[in-house]
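I would like the entire structure built from these sequences, with the hints used as guidance.
Residue numbers (the working numbering), protein chains in the order written: chain A, 1 to 242; chain B, 1 to 242.
Since the hints were made in silico from the structure, they are not lab data. Model, not experiment: these values are computed from the prediction. Do not take every clue at face value.
One copy or any two copies: either way a pair holds, since identical chains are not told apart in the list.
[Stated by the list, open to error] Taking lysine-lysine and the DSS-like style, the derived pairs with C-alpha atoms no more than 30 Å apart in a straight line are:
no., residue 1, residue 2
1, K231, K128
2, K33, K174
3, K33, K231
4, K33, K235
5, K141, K231
Protein chains: 2
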Amino acid sequence: MRPRIVLFGDSLTEQSFRSGGWGAALADTYTRKADVVNRGYGGYNTRWALFLLHHLFPLDSTKPAAAATVFFGANDAAILGRTSERQYVPLEEYKENLRKIVFHLKECCPTMLVVLITPPPVDEAGRKEYAQSVYGEKAVKLPERTNEVTRLYAEQCIELAKELGLRSVDLWSKMQETEGWQRKLLSDGLHLTSEGNAVVHQEVVRVFNEAWLSAAEMPYDFPHHSEIDGKNPEKAFQHQCL
Amino acid sequence: MRPRIVLFGDSLTEQSFRSGGWGAALADTYTRKADVVNRGYGGYNTRWALFLLHHLFPLDSTKPAAAATVFFGANDAAILGRTSERQYVPLEEYKENLRKIVFHLKECCPTMLVVLITPPPVDEAGRKEYAQSVYGEKAVKLPERTNEVTRLYAEQCIELAKELGLRSVDLWSKMQETEGWQRKLLSDGLHLTSEGNAVVHQEVVRVFNEAWLSAAEMPYDFPHHSEIDGKNPEKAFQHQCL
Chain A
1 MRPRIVLFGD SLTEQSFRSG GWGAALADTY TRKADVVNRG YGGYNTRWAL
51 FLLHHLFPLD STKPAAAATV FFGANDAAIL GRTSERQYVP LEEYKENLRK
101 IVFHLKECCP TMLVVLITPP PVDEAGRKEY AQSVYGEKAV KLPERTNEVT
151 RLYAEQCIEL AKELGLRSVD LWSKMQETEG WQRKLLSDGL HLTSEGNAVV
201 HQEVVRVFNE AWLSAAEMPY DFPHHSEIDG KNPEKAFQHQ CL
Chain B
1 MRPRIVLFGD SLTEQSFRSG GWGAALADTY TRKADVVNRG YGGYNTRWAL
51 FLLHHLFPLD STKPAAAATV FFGANDAAIL GRTSERQYVP LEEYKENLRK
101 IVFHLKECCP TMLVVLITPP PVDEAGRKEY AQSVYGEKAV KLPERTNEVT
151 RLYAEQCIEL AKELGLRSVD LWSKMQETEG WQRKLLSDGL HLTSEGNAVV
201 HQEVVRVFNE AWLSAAEMPY DFPHHSEIDG KNPEKAFQHQ CL
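Here is the structure:
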């Protein structure tokens, strides 16, 4: 009965129900109003995400999602010839893959609220420290992701949203407005701290509110307990349940 | 495609996706393996919960939940003649209502893993402080819930689980094993702190693991990114997606 909000993305989505995570916070914001479903796939880029589309969002679904966040690019922006090149997707293909994802979602349900989220900024020093903590001496010197390359992907994401008339969150820019974003909002130069998660949550809620998906304006799925008469509970439930 | 775990209960379930909440933690435990769905209704007792049964768990569902937690009693145990008496349900009726809930879930799906959770213990001093902070001088002197009355409800819950051969979590007893549980595990004498939420999460995971719903033994719903060949991604997806 409740509408579904599907979070489609990479590890930044997959990890979003960890303590302080933006997915869990979103589920809490929409308590008794919508279900928030995690479809995050750590390490995935948009090329690999395409394989999942028909399975996660079947065209013949009788109850398609009411809204979806599409949050890819952090892996697509891995740099060719460096340690994470397996995940690299060329810039133009990234944009086209995102377009295919959006078209598929809109084919599932033309009224689906689709929100594109850019990858967050990259803190190269944080990435280097993380690589050294994992690989020690063997850690490769050249960064596998840079903030400047990720910027290009973020720009394509925003440009596509404009072309298609979709709402978007420019997380790459937004996070860099915070002084000390490198350590404050990112835990390893790429993934989100609790404060970084709070930024994503706040931005997604803002965009949902600007669209038609404001939790404050959505009905509770059943009566608030204060509306139930202890001696005559049937009355409160008669419209919805009897 | 993923199995669903439905959390059915009162505010202790409804609030379970707040920061540090046991529902969000459970969703994280089952990341990429099962969806955790919140069906918590703050203030509800088992009598009112019965009105929702057919709506939340339709008998003709083609994809019934794989598992459900049933976590009621904190409101049923409100004391007659005191401020929360509207929520009071007699002890015998509480047990019979729980039985009806279980029978309905098993009618939906005989293999559904149903786990009964007792209400947590009540810290009367904490409840009193909370009432004074909200109502000031007007706060009623006599507690609207007591730990001893809640114990009776917890016992009925455990007894029913034994009668029906169901798994259960005796939260009332478990939480009181912790020194200083009154302040450590409860925020207002009734609701859970982060540490209290951690106890519920740990106990539910333990019981799920003892049954057949161990996250460690469940398959990922799509290949882990490390199994995907960057040059030939089709291969990793051919079984599930092509």
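Each hint, compared with the structure:
{"no.": "1", "hint": "K231 to K128", "verdict": "between (65 Å within a copy, 26 Å between copies)"}
{"no.": "2", "hint": "K33 to K174", "verdict": "within (28 Å within a copy, 32 Å between copies)"}
{"no.": "3", "hint": "K33 to K231", "verdict": "within (27 Å within a copy, 43 Å between copies)"}
{"no.": "4", "hint": "K33 to K235", "verdict": "within (22 Å within a copy, 40 Å between copies)"}
{"no.": "5", "hint": "K141 to K231", "verdict": "between (72 Å within a copy, 24 Å between copies)"}
Violated hints for the displayed structure: none, as all numbered hints are satisfied.
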